[in-house]
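Asks: Those protein sequence lines, which keep their order, are chains A and B.
Okay, so the first sequence: first residue is 1 according to full-length UniProt numbering, each after it adds one.
Okay, so the second sequence: first residue is 1 according to full-length UniProt numbering, each after it adds one.
Where hints are given, some of them may not hold.
A pair holds if it fits inside one copy or across any two, identical chains being indistinguishable in the list.
Straight-line alpha carbon distances no greater than 25 Å define the calculated BS3-like cross-link-like pairs of lysine-lysine that follow [said to hold, decoys possible]: (1) 31 with 262; (2) 178 with 144; (3) 102 with 178; (4) 144 with 191; (5) 50 with 269; (6) 262 with 61; (7) 31 with 178.
Simulated from the structure, these hints should not be mistaken for laboratory data.
2 protein chains.
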Amino acid sequence: MEKSPVPGDTLFMGVDGGGTKCRAVLVDGQKNVIGQGEGGACNAYQSFDKAIDSILVASEKALMEAGLKAGDRDKVVVGMGLAGVNIPDVYTRVWNWQHPFKARFLMTDLHAACVAAHGGSEGAVIVAGTGSCGFAQAGDRVLKLGAHGFPFGDKGSGAWIGLQALQAVLLNFDDLGKPTMLTELIASELKADGLDIIERMHNARTGDYASLAPAVFTAAEAGDSVAIAILREGADYLSDLADRLWSINPPRMSMLGGISHKMKDWMRKDIIERMSPALQQPEHGALFYAMQEYTQSIA
Amino acid sequence: MEKSPVPGDTLFMGVDGGGTKCRAVLVDGQKNVIGQGEGGACNAYQSFDKAIDSILVASEKALMEAGLKAGDRDKVVVGMGLAGVNIPDVYTRVWNWQHPFKARFLMTDLHAACVAAHGGSEGAVIVAGTGSCGFAQAGDRVLKLGAHGFPFGDKGSGAWIGLQALQAVLLNFDDLGKPTMLTELIASELKADGLDIIERMHNARTGDYASLAPAVFTAAEAGDSVAIAILREGADYLSDLADRLWSINPPRMSMLGGISHKMKDWMRKDIIERMSPALQQPEHGALFYAMQEYTQSIA
């Protein structure tokens, strides 16, 4: 067996930071998982301070589970896959953070999810959850699509679907849009109807919009033409996203995220038939990346 | 001449409170304007505290200009036309405010604008500015449309147009939407392009979106199909709004707001030909309402 350039006592950690929570996994030099931890919201675009705090919490919990302490972060080589660092200014800010780890590698949460979905190999992923985005890697070619943020981006996502539904309900309320079952379903979900909806959604966050998406699936399944039109437009976008990702010939493609299963029913069949299941969780993608990059950096 | 039931020393004030600023006009018992004042943003839906503060500032300035002091508010019968009070909970909160005036009458800014536009008589108005809405009064019938708030309402408004433009630019950036001149125009307006736009629009407010609307008019006038489609959709909505307002037979209709002049070019000709110019500013509508209601209340 070839001698590894990495000292046997080096610990590796993978961190997956998303809009809702942050997960950390800690392994020893023999790749045995020795600790895991979870922290809060970790989107550095939405809140830098909160993201850093969540990374520190999740990493400390993982160290504690392994019988270590927070101060042992200086023995850990960490890979971080974080939401928001696709935006250049956000990446720079996170990169300049004076981190407490032995070494640190940074990537988008999407890239980490992609590496994990394909077991450390190349491939592509589409995420349809609260937000939407796509990522593909094939040889030297990398394609990053979407992840533009709500309300101007994230087409086909839960938040986008919720926004379209609210627009349709309010147009219907004024008799300026088509009648739709969504009026009743959204009223029931929000426990408010008509103009009270506006008060209820005042300062609503992305997740609040996404929480309205299930009503749209319900209405569409019952044949409501307004709901069907919303899902068709969103699903067509996701199918187009897949076409663009396939254009650089990734070996595999997976679809991830909270509404991905539901959206598959509305996407093009030829696109869905080519999808493969995700093999691992995103934090393992960040871990794999850290091990690979660190080994190369000291070789 | 019939004896007025209103004591000759009663002062009347009209307040117009909108998303950007608040104007007050003060008249004496003979309807002579004796003072005017301006305050800051006054949308009680967006911020109750700020709206109250702006009313107090504008009313104090109007009193000072008339050689009076803030304490003289207790001699003033005020009519307030405020943005946001179309929402039931917001109306109740403003209504319950322990105001310092002799008497106070409350209406939406839209209703005040309508009364003013038609010189105190009945009629209808469409507003196309940062937001969009419609109001009509004819006999016992009143129709209030739109004013639903951004991002789920306000179709055809400056903020709505700006949001559509950003969506189009970001789709184009990913090669998932049509090429459009808006990419260059919005980049120039924001001094940012591609993913930096996302950072620039982080936590953007309604007015920030509306500030992108002029680029859309520029692109549409130059023949850009994406910009033309945005304005057509917005203008069709405003034309439909006018149709609904005409349905209760108001004697006149006016179109108000920062982008109303530009939007007229894209709306249906038959709708635009029936529009009449607004006769007075909205604060005079609130003033007229206060004088009428107070006179009736003490008669």
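Asks: Next, verify each hint and record whether it holds.
Replies: Now the hints, each set against the structure:
{"no.": "1", "hint": "31 with 262", "verdict": "neither (35 Å within a copy, 65 Å between copies)"}
{"no.": "2", "hint": "178 with 144", "verdict": "between (36 Å within a copy, 18 Å between copies)"}
{"no.": "3", "hint": "102 with 178", "verdict": "neither (59 Å within a copy, 46 Å between copies)"}
{"no.": "4", "hint": "144 with 191", "verdict": "between (39 Å within a copy, 22 Å between copies)"}
{"no.": "5", "hint": "50 with 269", "verdict": "neither (40 Å within a copy, 53 Å between copies)"}
{"no.": "6", "hint": "262 with 61", "verdict": "neither (34 Å within a copy, 58 Å between copies)"}
{"no.": "7", "hint": "31 with 178", "verdict": "neither (57 Å within a copy, 47 Å between copies)"}
The structure fails hints 1, 3, 5, 6, 7 (numbered hints given earlier, in ascending order).
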